[in-house]
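In the order they appear, the protein sequences are chains A and B.
The number in the working numbering is simply the position in the first sequence, starting from 1, with 823 added.
The number in the working numbering is simply the position in the second sequence, starting from 1, with 946 added.
Hints listed in this document are in silico derivations from the structure and should not be mistaken for laboratory results.
Don't be surprised by glycine CBs; every beta carbon is placed ideally from N, CA and C.
It cannot be assumed that every hint is accurate.
Stated by the list, open to error - If you anchor each label on the Cβ, the simulated ranges turn out as follows:
#1 B:His1071 x A:Trp853: 38 to 46 Å
#2 B:Val1097 x A:Val917: 49 to 57 Å
#3 B:Asp970 x A:Asn839: 50 to 58 Å
Stated by the list, open to error - In silico contact screen, one side only, chain A against chain B (beta carbon under 10 Å); selected entries:
#4 Asn848
#5 Gly849
#6 Trp853
#7 Ala875
#8 Glu909
#9 Ala983
#10 Pro1006
What the hints assert, rightly or not - Where chain B lies over chain A, by a calculated footprint (3+ residues, C-beta under 8 Å):
#11 832-842
#12 910-920
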Amino acid sequence: MSYRPTHISESAPTVNDDYGDGYRNGNFWWNETSGTLYVLVDHTVGAADWDAITSSSVAAWDDWVATIAWTGNTPVGVSYVARYQEVGNLICFVLDVRGTNDTGADITDMECTLPESVADNDNFIPVSTYSLIVATANSNNIAYIDGNDNDLADRKLYHASFNAIGASEAFELYFRGFYEKAP
Amino acid sequence: MYKPTHISAASPTVNDDYDDGFRDGNFWRDTGTPDLLLLVDETVGAADWDTVLAGGSLAEWGDWTPGFTWTGDQPTGVTAIARFCEIGNTVWFTLQVSGRSGAGGTGVTNMSCTLPRVVAYNNSHIPCASIGDNVSVRWSQEHLAVIDTSVDPGIMVHLLFVAIDSGDDFTLYYSGFYEKI
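Turn these sequences into a full structure, and let the hints steer you where they fit.
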């Protein structure tokens, strides 16, 4: 492969973008999709180490698809606004979920996926939250991100306590938080 | 030998110059700090490297060692998981502290904690998200944790603290961000 000081790609480099592929320590990699520039600090075959050093999209916000699971009952007319930004391995997000319980049982809990994978750092991360239930604001909910679960799919947003939503009650749930992204 | 970017665990010196093969426009990646530097003057014995990206990898998380001060019964078996990252002058952190309240009868009545980087002295209080959990008071967010930037160096303190009964196992959780000095 010919010398290339900066590789242009639509994706991030992997551990296999290494010496065997012609990369050398000090080479750059530009990910056009994320707008991130990487520098190769270890070109070992099969274990290449690329450091992300800057991003042209710092603080650029985007939507994400929130997969919400409910306990007790499933509300109707659920809509949400889910926005996040990614800066290196930091994810900041806001989430606004609205709906109405039906005439059945109370909604007693809710959990939700997050925009990017959560690092397994053995930590619970508090999330700022409040709710409006039948237009009454309260801060009784306690939401956190579980960075402790060994299963990547289970490292989501949970509630340690949840203000129950009664039959036919309209609700709005608001969240704001940040977390360490899985490498 | 041509090297587009030199990788090193240390910063360049004035002697990392033309004679060592560096040329104006070369980069130096200091994996220690980690910074990215650019050679703007290759003069032998007077090489001049400018830092073009301070803080290196973007939002790379790491551990830090918090220093706790407890009020009331001193807890035992205290462990912490403390993570942080830096983006320019912004420091983002999460903290999880576990232990057992001392058996003196008073309980743990307050806690303060150092932070991973020196806090800018801007004379404000910065709210932190916090959750407490112990045997007697399950899942509480009645703590009011703030970063007090009116003291030097700034630390995390509580304006309100849900007392932990003597002998109770507890875990406290925090997340927040602040301006670095």
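These are the hints, each one checked on the structure:
1. For the hinted restraint 38 to 46 Å between histidine 1071 (chain B) and tryptophan 853 (chain A), the CB-CB distance of approximately 42 Å keeps it satisfied.
2. Take valine 1097 (chain B) and valine 917 (chain A): their Cβ atoms lie about 31 Å apart, and the range 49 to 57 Å is violated.
3. With their beta carbons about 34 Å apart, aspartate 970 (chain B) and asparagine 839 (chain A) fall outside the hinted range of 50 to 58 Å.
4. Interface restraint check: asparagine 848 (chain A) against chain B, minimum CB-CB distance 5 Å, threshold 10 Å, status holds.
5. For glycine 849 (chain A), the shortest C-beta to C-beta distance to chain B is roughly 3 Å, which falls under 10 Å, so the interface hint holds.
6. Nearest Cβ of chain B to the Cβ of tryptophan 853 (chain A): about 14 Å, over the 10 Å cut. The hint is violated.
7. The beta carbon of alanine 875 (chain A) is positioned within 10 Å of a beta carbon in chain B (closest approach about 5 Å), and the interface hint is therefore held.
8. Because the beta carbon of glutamate 909 (chain A) sits about 9 Å from the nearest beta carbon in chain B, less than 10 Å, this interface hint is met.
9. Because the smallest distance between the Cβ of alanine 983 (chain A) and any Cβ of chain B comes to about 4 Å, under 10 Å, the interface hint for this residue holds.
10. Given the 10 Å rule on beta carbons, the hint for proline 1006 (chain A) holds: about 9 Å separates it from the nearest Cβ of chain B.
11. Check result for the segment 832-842 of chain A against chain B: violated, 0 residues qualifying (beta carbon to beta carbon below 8 Å, three or more required).
12. Counting residues of the segment 910-920 of chain A whose CB lies closer than 8 Å to any CB of chain B gives 4, which reaches the minimum of 3, so the coverage claim holds.
Checked against the numbered hints above, the structure breaks hints 2, 3, 6, 11 and satisfies the rest.
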